[in-house]
Amino acid sequence: MLKSLQAKDSPLSKTEKQLEILSNGIFNDGSLPTFADQIKKSNQYPLKPKKIEILQINVGYMCNQVCAHCHVDAGPDRKEIMTVETMQQILEVLKTTEVNTLDLTGGAPEMNPNFRWFVEEASKIGVKDFIVRSNLTIIRANEKYYDLPDFFKKHNVHVVSSMPHWTKGKTDVQRGDGVFDKSIKALQELNAVGYGISGSDLKLDLVYNPSGAFLPSDQFSMEKDFKKALKEDYNIDFNNLFAITNLPISRFLDYLIASDNYEDYMYTLVEAYNPAAVANVMCTNTVSVSWNGWLYDCDFNQMLGLKVASKSKHISDFNEEELSNRNIIISQHCYGCTAGAGSSCQGVVA
Amino acid sequence: MEKTYYDPADLKKFGKIVEWSEELGKSFFEYYGKVFEEGSLSAREKSLIALAVSHAVQCPYCIDAYTGDGLKRGITKEEMMEAVHVTAAIKSGAALVHGVQMMNKYKKLSM
Numbered sequence: 001m002l003k004s005l006q007a008k009d010s011p012l013s014k015t016e017k018q019l020e021i022l023s024n025g026i027f028n029d030g031s032l033p034t035f036a037d038q039i040k041k042s043n044q045y046p047l048k049p050k051k052i053e054i055l056q057i058n059v060g061y062m063c064n065q066v067c068a069h070c071h072v073d074a075g076p077d078r079k080e081i082m083t084v085e086t087m088q089q090i091l092e093v094l095k096t097t098e099v100n101t102l103d104l105t106g107g108a109p110e111m112n113p114n115f116r117w118f119v120e121e122a123s124k125i126g127v128k129d130f131i132v133r134s135n136l137t138i139i140r141a142n143e144k145y146y147d148l149p150d151f152f153k154k155h156n157v158h159v160v161s162s163m164p165h166w167t168k169g170k171t172d173v174q175r176g177d178g179v180f181d182k183s184i185k186a187l188q189e190l191n192a193v194g195y196g197i198s199g200s201d202l203k204l205d206l207v208y209n210p211s212g213a214f215l216p217s218d219q220f221s222m223e224k225d226f227k228k229a230l231k232e233d234y235n236i237d238f239n240n241l242f243a244i245t246n247l248p249i250s251r252f253l254d255y256l257i258a259s260d261n262y263e264d265y266m267y268t269l270v271e272a273y274n275p276a277a278v279a280n281v282m283c284t285n286t287v288s289v290s291w292n293g294w295l296y297d298c299d300f301n302q303m304l305g306l307k308v309a310s311k312s313k314h315i316s317d318f319n320e321e322e323l324s325n326r327n328i329i330i331s332q333h334c335y336g337c338t339a340g341a342g343s344s345c346q347g348v349v350a
Numbered sequence: 001m002e003k004t005y006y007d008p009a010d011l012k013k014f015g016k017i018v019e020w021s022e023e024l025g026k027s028f029f030e031y032y033g034k035v036f037e038e039g040s041l042s043a044r045e046k047s048l049i050a051l052a053v054s055h056a057v058q059c060p061y062c063i064d065a066y067t068g069d070g071l072k073r074g075i076t077k078e079e080m081m082e083a084v085h086v087t088a089a090i091k092s093g094a095a096l097v098h099g100v101q102m103m104n105k106y107k108k109l110s111m
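So the protein lines, in turn, are chains X and C.
Residue numbers for the first sequence follow the working numbering, beginning at 1 and rising by one.
Residue numbers for the second sequence follow the working numbering, beginning at 1 and rising by one.
By construction, these hints were calculated from the structure, which means they are not laboratory data.
Owing to the predicted nature of the structure, the values given are computational and were not obtained by experimental measurement.
Heads up, the beta-carbon is just placed ideally off N, CA and C, and yes, glycines get one too.
Fair warning: there could be bad hints in the mix.
Stated by the list, open to error - Restraint-style ranges between C-beta atoms, simulated for each label pair: (1) C:L41 x X:S10: 41 to 49 Å; (2) C:E82 x X:P11: 35 to 43 Å; (3) C:D10 x X:K48: 39 to 47 Å; (4) X:K8 x C:K91: 42 to 50 Å; (5) X:N261 x C:E82: 24 to 32 Å.
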C-alpha cells in the first residue's frame, strides 16, 4: 500500500510548498496566465459566491485506501477526525439556514466513530439531498460495515462512489490492489437493496477521475460506456456518472512532478479553460467544512489550508450573510474546475 | 536550425498553420472536427482508427495525440495495442503480398 505524503514526510505534505509550486515557474515567467488574470478577462474577478446551497463536510482524513491521486492525502495513518461537538454545530447551521444539500466526505466518512449518529441526526432535519461519498471498499472492509447499504437506505442517503474505470487494471492502479473486486461486490450489494435501480428513489452515482495525467472525456459518453460495461460484465446499475478533473494538488501534484507531467498538465488545463464554467464552479454555491470546523471555499482549498476570506471562518460562527459577501480564494489549481465542460463534485458545470 | 525534426512542443502550435493560409487552415480544422464527431461510427471507434492510422503514417504527433485521446475516452491499453497490431498486420501484409509479384517475375525470367 502507498503511504500518505504526510507519513513519508514529503515536502509536498506542506501546503505552503504546494502553493509555491502553483504560483511560480510557468505561472511566474509569463508562459501561462494565472487564474486571476484569466478570469479578469471576463470580468469575473474577484470571484464571488451565490447563495449557499451545499455544505460539504469533511468528517475526517482517515481512509482504508491510499489512492494515488487523492487530493486529501487520506489514508489509514491520518488521525484527523471530526468530533460530536463539531457535528452538533453543523446540525445547528442546518436547522437555521436554507442550505438544502449535505455532502459528507473524507477520507472514508464511515470510519468516523460518530458517522452513524451524525447521519441519523442530520436526516431528521430533512435536507433535500443528503450525500455520502463512499469509497465502496469500506462496505467490504470489515464486518462492522457490512450493513452500510441497509443503513444508507434507511436514511435515504444519496450514495456517490468513486470508480475510475470499468476494468480491474485501470481501477487498481489508481486506487490500490483489490479495490476493483471489492468495489464491484459493494455496488452489487447497493443494487440489491434498491440503489441505482430504475424506478427506485435510492440514488447511486459514480465518480470518474482519470487515472493519469489527462483530462476526462465527455461525461455523457463516458456514462454510456460505464453503464454498458458494468451491466454486461457484472449486472450493475447506477444513476449518473460524474466526470471529475484531477486538480494539481497534494498526491496528484506529487505524481505529476515525479512523472515529469506537471508542466504539460498545466498547459492542458489552461488550454481547456472555459470561461462559461467559471460562473457555476462549486465554490459559488458550496461551503466546505473541515474535520475541526473551519470553513473553506471548497475541499481543495481546505487541503491547501486556504480558509475563507470572511469574518465568519468557523462553523461555530457560521454567518450566511458574511459568507455570501466574501471573495473566493483562487490559485492555479482552480483551472481544474474550469477545464472543458468544467468539473465539480456534481460533475460537469457548463 | 533545430537539432531534431520533431519537437513535442510543436503539436501545441498546430493551430498556427492558419496564420499563413487562413481560409485553407480554417477549412481543414472545421473538416477535421466534423470527421471526429459521433456518426455511424462512435467517437471512441474513430479515436481507435486514428490511433491505428497514426502508426501507419508513423506520425509522432498523431501517436501522442490519439494515445491521450484514447486515455480520456477510457480506451484500455489492450484495445490500443490491438489497434496497433491491426496496423502492423496490414503494413507487413502489404509488404508480403508483393512477394507474389516477386514470384511472378522470378518465374517469368527463369527457365
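Do the hints match the structure? See the list:
no.	hint	in the structure
1	C:L41 x X:S10: 41 to 49 Å	holds (45 Å)
2	C:E82 x X:P11: 35 to 43 Å	holds (42 Å)
3	C:D10 x X:K48: 39 to 47 Å	holds (40 Å)
4	X:K8 x C:K91: 42 to 50 Å	holds (47 Å)
5	X:N261 x C:E82: 24 to 32 Å	holds (26 Å)
Of the numbered hints given earlier, the model fails none.
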